[in-house]
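Student: Sequence:
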Amino acid sequence: MLRLSRPSKIVLGIVVAIILAFLYIPLMLVVLNSFNSARIASWPVSGFSLEWWGKAFTSQPVRDALLNSLLVATGATVIALILGTLVSFALQRYRFFGQRAVNLLVVLPIALPGIVTGVALNNTYNQLLEPIGIQVGFWGMIIAHGTFCIVMVFNNVLARLRRMNPSLEEASKDLGATPWQTFRMVTFPQFRSALIAGAILAFALSFDEVYVTIFTAPPGVDTLPLWIMNQMARPNEANVVNVVATVVILLSFIPVWVSQRLSRDVSERD
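Add 785 to a position in the sequence shown, counting from 1, and you land on the number used in our numbering.
What the hints contain is simulated information worked out from the structure, not anything from laboratory work.
Any given hint might turn out to be false.
[As the list claims (entries may be wrong)] Pairwise CB distance ranges (calculated):
1. Ile981 <-> Ala886: 26 to 34 Å
2. Val801 <-> Ile917: 52 to 60 Å
3. Pro846 <-> Leu889: 39 to 47 Å
4. Pro974 <-> Ala1018: 49 to 57 Å
5. Ile1039 <-> Leu913: 36 to 44 Å
6. Ile1039 <-> Val1006: 22 to 30 Å
7. Leu889 <-> Phe1038: 18 to 26 Å
8. Asn908 <-> Gln845: 30 to 38 Å
9. Arg791 <-> Met949: 38 to 46 Å
10. Lys840 <-> Arg791: 47 to 55 Å
11. Ile917 <-> Ala1018: 34 to 42 Å
12. Arg848 <-> Ser952: 49 to 57 Å
The beta-carbon is built from N, C-alpha and C at its ideal position, and this holds for glycine as well.
Let's have the full structure, built from the sequences with the hints guiding it.
Tutor: Structure (structure tokens):
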């Protein structure tokens, strides 16, 4: 086991503290300004008020943007669950020509810059599909988000499948279970936590996506990140934006915490 000297521990602690401060102090400023009584976000906070919270929760554009984000993230997560699980099983359980190429193609969308993916899909929708009469509309945005969310489910499920003991499934078949019974009672419980963790991460990734959404959102449709970005150009709305951002920050802790708990539970069972 690696042991650090006392000076090394002190230096490492200082570096970690600086990094955490750099990451979280700006977030704290957002939270504090959401309670700022001034019309324009400022520091130090001139006074505390719940006025902006009331305006944010009664704002119809905020509600519409939130609903759109939830619908898109849910749809993208469903796509990711289905396709990510099927691809992970295909790559783990079977051997076929082009297997490595398929693996690369599935992972590639998360590695590409979002703006590249957005431009590519925008060109596909506008220059290829629309001329032949196919209007993708809102579904096009959901499919666009699904392209990079698949990786979240794929990586989690594939990693779990590689650690599973195949003898359990063989024993189930030897005892007379049908393929569906074996999957439902033996296989699925073993990778269920990885599937849920992947779904949570996929939902979170889709919920705060900006670049792909800019290029694929139908006219007049805003998701919550797009609404925030558009309102930043209006100083009088800055504190309402801070309220929405504060809610997003708080909600973001939930999928991260759940995902870590699920991953830890899997590690403890292994």
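Student: Give a verdict on every hint.
Tutor: Against the structure, the hints:
{"no.": "1", "hint": "Ile981 <-> Ala886: 26 to 34 Å", "result": "holds (29 Å)"}
{"no.": "2", "hint": "Val801 <-> Ile917: 52 to 60 Å", "result": "holds (56 Å)"}
{"no.": "3", "hint": "Pro846 <-> Leu889: 39 to 47 Å", "result": "holds (41 Å)"}
{"no.": "4", "hint": "Pro974 <-> Ala1018: 49 to 57 Å", "result": "holds (50 Å)"}
{"no.": "5", "hint": "Ile1039 <-> Leu913: 36 to 44 Å", "result": "holds (38 Å)"}
{"no.": "6", "hint": "Ile1039 <-> Val1006: 22 to 30 Å", "result": "holds (25 Å)"}
{"no.": "7", "hint": "Leu889 <-> Phe1038: 18 to 26 Å", "result": "violated (33 Å)"}
{"no.": "8", "hint": "Asn908 <-> Gln845: 30 to 38 Å", "result": "holds (33 Å)"}
{"no.": "9", "hint": "Arg791 <-> Met949: 38 to 46 Å", "result": "holds (44 Å)"}
{"no.": "10", "hint": "Lys840 <-> Arg791: 47 to 55 Å", "result": "holds (52 Å)"}
{"no.": "11", "hint": "Ile917 <-> Ala1018: 34 to 42 Å", "result": "holds (37 Å)"}
{"no.": "12", "hint": "Arg848 <-> Ser952: 49 to 57 Å", "result": "holds (52 Å)"}
Hint violations for this structure: number 7 only, all remaining hints satisfied.
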